[in-house]
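There are 2 protein chains.
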Amino acid sequence: MSLKAISSKDAASLDKDLMEIGGWSLDQLMELAGLSVSQAVYRVHPPSAGKNILLVCGPGNNGGDGLVAARHLAQYGYKPSIYYPKQGKNELYQRLRTQLDNLSVPFIEDFPVAIKSADLLVDAIFGFSFGGPLRDPFPTIISQIESALVPVLSVDAPSSWDIESGPPKEGPGSKFMPEYLISLTAPKPCVKYYQGRHFLGGRFLTKSITEKYGLDLPNYPGIDQIVEIGVDAEGKL
Amino acid sequence: MSLKAISSKDAASLDKDLMEIGGWSLDQLMELAGLSVSQAVYRVHPPSAGKNILLVCGPGNNGGDGLVAARHLAQYGYKPSIYYPKQGKNELYQRLRTQLDNLSVPFIEDFPVAIKSADLLVDAIFGFSFGGPLRDPFPTIISQIESALVPVLSVDAPSSWDIESGPPKEGPGSKFMPEYLISLTAPKPCVKYYQGRHFLGGRFLTKSITEKYGLDLPNYPGIDQIVEIGVDAEGKL
Numbered sequence: 001m002s003l004k005a006i007s008s009k010d011a012a013s014l015d016k017d018l019m020e021i022g023g024w025s026l027d028q029l030m031e032l033a034g035l036s037v038s039q040a041v042y043r044v045h046p047p048s049a050g051k052n053i054l055l056v057c058g059p060g061n062n063g064g065d066g067l068v069a070a071r072h073l074a075q076y077g078y079k080p081s082i083y084y085p086k087q088g089k090n091e092l093y094q095r096l097r098t099q100l101d102n103l104s105v106p107f108i109e110d111f112p113v114a115i116k117s118a119d120l121l122v123d124a125i126f127g128f129s130f131g132g133p134l135r136d137p138f139p140t141i142i143s144q145i146e147s148a149l150v151p152v153l154s155v156d157a158p159s160s161w162d163i164e165s166g167p168p169k170e171g172p173g174s175k176f177m178p179e180y181l182i183s184l185t186a187p188k189p190c191v192k193y194y195q196g197r198h199f200l201g202g203r204f205l206t207k208s209i210t211e212k213y214g215l216d217l218p219n220y221p222g223i224d225q226i227v228e229i230g231v232d233a234e235g236k237l
Numbered sequence: 001m002s003l004k005a006i007s008s009k010d011a012a013s014l015d016k017d018l019m020e021i022g023g024w025s026l027d028q029l030m031e032l033a034g035l036s037v038s039q040a041v042y043r044v045h046p047p048s049a050g051k052n053i054l055l056v057c058g059p060g061n062n063g064g065d066g067l068v069a070a071r072h073l074a075q076y077g078y079k080p081s082i083y084y085p086k087q088g089k090n091e092l093y094q095r096l097r098t099q100l101d102n103l104s105v106p107f108i109e110d111f112p113v114a115i116k117s118a119d120l121l122v123d124a125i126f127g128f129s130f131g132g133p134l135r136d137p138f139p140t141i142i143s144q145i146e147s148a149l150v151p152v153l154s155v156d157a158p159s160s161w162d163i164e165s166g167p168p169k170e171g172p173g174s175k176f177m178p179e180y181l182i183s184l185t186a187p188k189p190c191v192k193y194y195q196g197r198h199f200l201g202g203r204f205l206t207k208s209i210t211e212k213y214g215l216d217l218p219n220y221p222g223i224d225q226i227v228e229i230g231v232d233a234e235g236k237l
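Just so you know, the sequences run in chain order A and B.
First residue of the first sequence? That's 1 in the UniProt record's numbering, and the numbers climb one at a time after it.
First residue of the second sequence? That's 1 in the UniProt record's numbering, and the numbers climb one at a time after it.
Treat the hints as calculated values from the structure; they're not laboratory data.
Check each hint, because a few of them may be wrong.
Each pair may be met inside one copy or between any two copies, as identical chains are not told apart.
What the hints assert, rightly or not - Pairs of lysine to any residue, SDA-like flavour, derived with a Cα cap of 25 Å:
| hint | residue 1 | residue 2 |
| --- | --- | --- |
| 1 | K207 | Q94 |
| 2 | K89 | D110 |
| 3 | K16 | E91 |
| 4 | K89 | G23 |
Please take these sequences and the hints and turn them into a complete structure.
Written out as structure tokens, the structure reads:
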């Protein structure tokens, strides 16, 4: 299935429309985005496959989606832990962190050690607003993820990839190909360089929004907050 | 299965704890509460059983949960409509209404006509904070629901029931026994007078909160935001 991608600029404009015209708060949007990430984790990696989920969260909304996902994963019975090297300023991030503290979800400091005991890594570092280049400490973190043996689910885009032109030609991220990707609201142009299982999440768009941005999105089945792309209605690839 | 109920006073205190200590916003809590209501609707009344879901929303947070549920139901492919005779003042309710307007979910005025074409009615009028007595226009509305033939799902408590002592002895609500009930966070004392299918929703409590309020809640299965009470792990009553 080939889906029309949404540019970084249009994705920013769409988010703005949702909040300024659509009546949405960031709290609501992030809750549903993070919920869809948690459902993708459950789909590709059920708790029986290992409960240690390490979420690497960036300083912006992509990281916030990861924090919400971690909260839901804890409710599903996983043992999530968070690596959050650079917390952003929005007070929502602090509240999400409080929620995780109250669930005894640990925020770890030693990433190289944590990655060794992780069963799945969630890359919630950067999403559609990433403009590059990677700034410290993220080149090191991306290199560590790249060389680790743990499977990775990236949120919205593989972190370090250019949203339009995909993986960097050299350096950290140039060999980064996550096993799983969940695009939020709509795929970004860089998905044409992506090879792996691909999901869509963020089930909250209206017909007028999808028409305004020329999106042609698949139907979500039942009550699911995710839909796998490239899979037919019976779940076959 | 007998679950410990939470008093109206403790339920209010628990909500306050979640927001003042737990880092939660009302937007987040209402999103997950409304999502659980939408999943209960899907469970008891899948779209194939009829898509016309009429949600009667009260002026407070119970009504807000109904508005969120309606939004998710529209995303699931239902044709929800809302009867909202007395909109509350919180700006969140207006934003939820805007979200529904953008999905072309109608706010109807003629309740007696709408109820005749509804396949399921969601009673999101009053929840745990209802202190009685019913004030206009709600006595008439409750009587209309009571005498209608449509199945009803009540949110948190059957509206008109006293949260402690159950159905009123006489007048509107005295014969009100909804087919379905979804208790939010924990059952209220009035559930001992309830006969029908009973669900629990609001999958966001922490261990310290359930311990503080002496709750003994069942485990939610998988990624579900609801759990049926009185049903074993294989789904048998």
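Going through the numbered hints above, which ones does this structure break? Give me the numbers in ascending order. When the structure is compared with the hints, none of them turns out to be violated.
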